[in-house]
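*Asks:* Spelled out from the first residue to the last, the chains are:
Protein chains: 2
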Amino acid sequence: MLKTRLFTPGPTPVLPDALRVMSDPILHHRTSDFMAVLEEVRAGLKDLLGTTQEVLVLASSGTGVMEGAVCNLFSAGDKVIVVRGGKFGERWGEIARAYGLVEVALDIEAGRAPTVDDLKKRVSENLDAKAILLQACETSTGVDFPIEEIAAYTRTLPMLLVVDAISAIGISPFEMDRWGVDAVVTGSQKGLMLPPGLGFVCLNERAWEFQEKAGLPRYYFDFAKERQSIVKNQTAYTPAVSLIVGLREVLRFFKKEGKEKIFRNYQKMSAAMRAAAQAMQLELFAKRPSPGLVSIRVPQGIDGKKIVKQMRDEHQMMIAGGQGALSGKIIRISCMGHMDGFDLIAVFAALENVLRSQGAKIPFEKGVAALEKELLERA
Amino acid sequence: MLKTRLFTPGPTPVLPDALRVMSDPILHHRTSDFMAVLEEVRAGLKDLLGTTQEVLVLASSGTGVMEGAVCNLFSAGDKVIVVRGGKFGERWGEIARAYGLVEVALDIEAGRAPTVDDLKKRVSENLDAKAILLQACETSTGVDFPIEEIAAYTRTLPMLLVVDAISAIGISPFEMDRWGVDAVVTGSQKGLMLPPGLGFVCLNERAWEFQEKAGLPRYYFDFAKERQSIVKNQTAYTPAVSLIVGLREVLRFFKKEGKEKIFRNYQKMSAAMRAAAQAMQLELFAKRPSPGLVSIRVPQGIDGKKIVKQMRDEHQMMIAGGQGALSGKIIRISCMGHMDGFDLIAVFAALENVLRSQGAKIPFEKGVAALEKELLERA
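The listed protein sequences derive, respectively, from chains A and B. Using this note's numbering, you'd call the opening residue of the first sequence number 35 and step up by one each time. Using this note's numbering, you'd call the opening residue of the second sequence number 35 and step up by one each time.
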């Protein structure tokens, strides 16, 4: 008998209290009961995003709210600078091109994060750009981008900073207002420890000014209509009620535990995974690693896709491989969601076993020992 | 102690088996376990829609897939005939205008359904229209539209028939292929007895030809990309996993019971509600009533909004009022979702009580008696 264990960077293991309430009989969304849920959720989301602005809640995957950001902020022909550090950066570009925007790409080597200097150069060549679109965490490479530093630079520019923080909110500190981020999108299935199906978006005053002037067509993702609704504790269209009821439990968990403690715990878990990989003499892939996952280069001569498959088939553990050009070359193990150190010990025990069975020359049981040391002895 | 009872035409009471599995630990969407769920779901959806075409599954409210239909089928400047028999017909028009289409409205008096003759007239004046957009059930008035008859006419025309069947699929027979409907959209929170959060769309070959030529921008709702994914038992973007796992239970329920039996049951329940309303000497509002709900004109001198409020405040029963111009003038009671005759007896017992307390001159206990007669004696 084996349990199924999820270490993919989305979906992530759901908080048990959230699972429980998602089985409650459904609330109607135009009732005071549901309005009370939404009111509590609004407050909790503001806290996690570090903003006094309203956070809009949509029934959608993360990609939907990324598209929503584009079609609410821009007009056809607008130029945008797209930071492409992996698959999700490319997605910003695909959406921008689908809507007839002019994409100026800033390509960043996979595994690296953009620096302020990278951006300054591209901005100086494109002062007419309307925005910079990027990730807070490029999940495809496991890299965190220095949003606070970047925003300190971009907040003085006449262009918006639009951040996909799908794998960052709930995982690491995010201070939208203090940093000066103009627009943030995120989703339910990463740090918010929920099933996929909710998208979130938040604009600051500068972004709302863009929103008023933006000419791209939109209806379901019309942020102005959603903003009018949410201040009345409603949504413009029928909301994903059960997921929002689950979200309330997650936000209560964040409030009870304290978000700083949760962020520190992710830091600690991801640092321990990196220590374990290094103890196994594996090469870390991300130069500026996310606290939500570790990305590891697969040893020469081994196919990363086979590692992922064997982890699943033999141990019922879901880890992620690389995407696109990184397919087979890296593996990614997430600690996002409802997760603890013992889960990580389990996944590295399985990984040591699988790697050795595929002929990797790794030292015996060093990875798990490193995790024990990092997670238990220092506790 | 009072139970909360949901008689709103969406969300509807969720099937208990679906509620139960939505609390299971989350599946990753790129696993064989989830692919097996999606394969089973695809087959069940085809059966309910009466089609051999793939039914696309999106994380979205119904409005999102309505918008998806528009931006996948048309180009800016295209003319579409919009049947406006209530709030949801108006929504088709709003979406069309948001995307720069030319809306030709066919306004139908609230409570009535469009006839083929109504359509013939508007079509003959607009032979250059690309499509007719309408509802299978106009939930805002409780009216069913004669889609089979309309499709028999429109299938010979060089324009598409695009049907919002959000309150029809799972409630009444729908034979997309046999009738010749070109595009269908629906959602999870009505006849599919699930929480809101899933949208569905199905195009026939003719509609896919339009899709290839359509020039409107789209990304999250790109049906071609979803079609490529779904034949591989995947979705283009992260799916709403828990809702889809719940959907499998609902579709198993339909298979086990037989959809015809479920449709007959809705027919019987809605006919019984109409008999009850008439026994109470209330006027039915819908001339061609839906099997999923009853719409009742509020007696003169009484405010329908107060009825809805008192039903909720005193009896914890959620019924719906009228929308827009019908606000306060009608009430709507749904039998969609996980519902039986005893639920209807309960809601009419409460309704008799509330109406009398507000001064309506209705005969004593005749409504409930009519329901008992219709639902129990003939059983």
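It is possible that part of the hints are untrue.
Same chains, same names: a pair is fine if it fits in one copy or spans any two.
[Claimed, not checked] Heads up, simulated DSBU-like pairs for lysine-lysine below, C-alpha to C-alpha not over 35 Å straight-line:
| no. | residue 1 | residue 2 |
| --- | --- | --- |
| 1 | LYS395 | LYS290 |
| 2 | LYS295 | LYS247 |
| 3 | LYS289 | LYS339 |
| 4 | LYS321 | LYS154 |
| 5 | LYS343 | LYS407 |
| 6 | LYS340 | LYS37 |
| 7 | LYS121 | LYS259 |
| 8 | LYS340 | LYS266 |
| 9 | LYS395 | LYS247 |
| 10 | LYS155 | LYS290 |
| 11 | LYS343 | LYS266 |
| 12 | LYS340 | LYS113 |
| 13 | LYS266 | LYS363 |
| 14 | LYS154 | LYS395 |
| 15 | LYS363 | LYS259 |
| 16 | LYS247 | LYS321 |
| 17 | LYS266 | LYS37 |
| 18 | LYS289 | LYS37 |
| 19 | LYS155 | LYS80 |
| 20 | LYS290 | LYS363 |
| 21 | LYS247 | LYS121 |
| 22 | LYS343 | LYS259 |
| 23 | LYS154 | LYS340 |
| 24 | LYS266 | LYS339 |
| 25 | LYS113 | LYS247 |
| 26 | LYS321 | LYS293 |
| 27 | LYS80 | LYS113 |
| 28 | LYS247 | LYS363 |
| 29 | LYS154 | LYS37 |
Since the hints were derived computationally from the structure, they do not count as laboratory data.
*Asks:* Against each hint, give a clear statement of whether it holds in the structure.
*Replies:* Consistency of the hints with the structure:
no.: 1; hint: LYS395 with LYS290; in the structure: neither (44 Å within a copy, 54 Å between copies)
no.: 2; hint: LYS295 with LYS247; in the structure: neither (41 Å within a copy, 53 Å between copies)
no.: 3; hint: LYS289 with LYS339; in the structure: neither (39 Å within a copy, 37 Å between copies)
no.: 4; hint: LYS321 with LYS154; in the structure: within (21 Å within a copy, 66 Å between copies)
no.: 5; hint: LYS343 with LYS407; in the structure: within (29 Å within a copy, 60 Å between copies)
no.: 6; hint: LYS340 with LYS37; in the structure: within (20 Å within a copy, 52 Å between copies)
no.: 7; hint: LYS121 with LYS259; in the structure: both (31 Å within a copy, 16 Å between copies)
no.: 8; hint: LYS340 with LYS266; in the structure: between (51 Å within a copy, 20 Å between copies)
no.: 9; hint: LYS395 with LYS247; in the structure: neither (59 Å within a copy, 55 Å between copies)
no.: 10; hint: LYS155 with LYS290; in the structure: neither (44 Å within a copy, 64 Å between copies)
no.: 11; hint: LYS343 with LYS266; in the structure: between (48 Å within a copy, 18 Å between copies)
no.: 12; hint: LYS340 with LYS113; in the structure: neither (41 Å within a copy, 53 Å between copies)
no.: 13; hint: LYS266 with LYS363; in the structure: between (49 Å within a copy, 24 Å between copies)
no.: 14; hint: LYS154 with LYS395; in the structure: neither (43 Å within a copy, 76 Å between copies)
no.: 15; hint: LYS363 with LYS259; in the structure: between (44 Å within a copy, 26 Å between copies)
no.: 16; hint: LYS247 with LYS321; in the structure: neither (39 Å within a copy, 44 Å between copies)
no.: 17; hint: LYS266 with LYS37; in the structure: between (43 Å within a copy, 26 Å between copies)
no.: 18; hint: LYS289 with LYS37; in the structure: both (30 Å within a copy, 30 Å between copies)
no.: 19; hint: LYS155 with LYS80; in the structure: within (33 Å within a copy, 53 Å between copies)
no.: 20; hint: LYS290 with LYS363; in the structure: neither (40 Å within a copy, 46 Å between copies)
no.: 21; hint: LYS247 with LYS121; in the structure: both (30 Å within a copy, 28 Å between copies)
no.: 22; hint: LYS343 with LYS259; in the structure: between (45 Å within a copy, 26 Å between copies)
no.: 23; hint: LYS154 with LYS340; in the structure: neither (41 Å within a copy, 61 Å between copies)
no.: 24; hint: LYS266 with LYS339; in the structure: between (48 Å within a copy, 18 Å between copies)
no.: 25; hint: LYS113 with LYS247; in the structure: both (15 Å within a copy, 26 Å between copies)
no.: 26; hint: LYS321 with LYS293; in the structure: within (25 Å within a copy, 56 Å between copies)
no.: 27; hint: LYS80 with LYS113; in the structure: within (30 Å within a copy, 43 Å between copies)
no.: 28; hint: LYS247 with LYS363; in the structure: neither (44 Å within a copy, 38 Å between copies)
no.: 29; hint: LYS154 with LYS37; in the structure: neither (49 Å within a copy, 61 Å between copies)
Checked against the numbered hints given earlier, this structure breaks hints 1, 2, 3, 9, 10, 12, 14, 16, 20, 23, 28, 29; the rest are met.
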